[in-house]
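The task is simple: from the sequences and hints, build the whole structure.
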Amino acid sequence: MAPDRIMFIRHAEKPTANEGIGIEADGKADDESLAVRGWQRAGALARFFCPIHEPHSARLTPASVFAPGNGPASKSKRAMQTVAPLVALLRQTSQVNYVTTYLKDDGPALMGDVLTQSGVVLIAWEHKVLPSLFGHVPRAPAVPAMWPEDRFDMVWILDRAPGGWSFSQLPQLLLAGDSAEPIR
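Anchor point for the sequence shown: position 132 equals 132 in full-length UniProt numbering, and the numbering is continuous, going up by one each time.
These are computed hints drawn from the structure, not numbers from a lab.
The beta-carbon is built from N, C-alpha and C at its ideal position, and this holds for glycine as well.
Where hints are given, some of them may not hold.
Stated by the list, open to error - When the alpha-carbon atoms are kept at most 16 Å apart in a straight line, the in silico EDC-like pairs for lysine to aspartate or glutamate are as follows:
1. K75 with E126
2. K75 with E24
3. K75 with E32
To be verified - Computed beta-carbon distance windows for the label pairs:
4. N18 with R91: 30 to 38 Å
5. R151 with K28: 24 to 32 Å
6. A109 with P55: 19 to 27 Å
Set out below in structure tokens:
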């Protein structure tokens, strides 16, 4: 068994001088949480990946969602917060396999688990680690070597193809300032 499609996103916007402080869902300040714009993106991503009447929803709606858990090397909650609205929405109408047991640097174990899933899989991860995850996918195509620090608006997609996988990028175009330009 293996997934038909694996989608990769970076966690939503984090605290910076431009984005302001990080906040938890209850509004409490927290440097390890999303910035306000990140929470906006997280909410918008729920309907992006689970559209109401879109004909392509079967290709975007994940059966499994992976986000790194907290551990000694990373206390960030941002990836889990990014997918929390989507997971909540999916749980209203169906079952979703939501996995947060892997830490951000557990790439081999994470991808080993991902490759046993079926259907569509979504991985929300830290941008510095995302490109390295492809190295754990047999016969994966080449992907950009880096995910830029300032890009929160793209979905990288691996689709099962004869003899391996094909790679594409899907712009989110959810918030003002999002770009349709692929990551190079």
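Consistency of the hints with the structure:
1. K75 with E126: 12 Å, holds
2. K75 with E24: OK: K75 and E24 at ~13 Å, within 16 Å.
3. K75 with E32: 6 Å, holds
4. N18 with R91: 30 to 38 Å: For R91 against N18, whose Cβ atoms are near 33 Å apart, the range 30 to 38 Å holds.
5. R151 with K28: 24 to 32 Å: 28 Å, holds
6. A109 with P55: 19 to 27 Å: Cβ of A109 to Cβ of P55: about 35 Å, so the range 19 to 27 Å is violated.
Consistency with the previously given hints fails for number 6 only.
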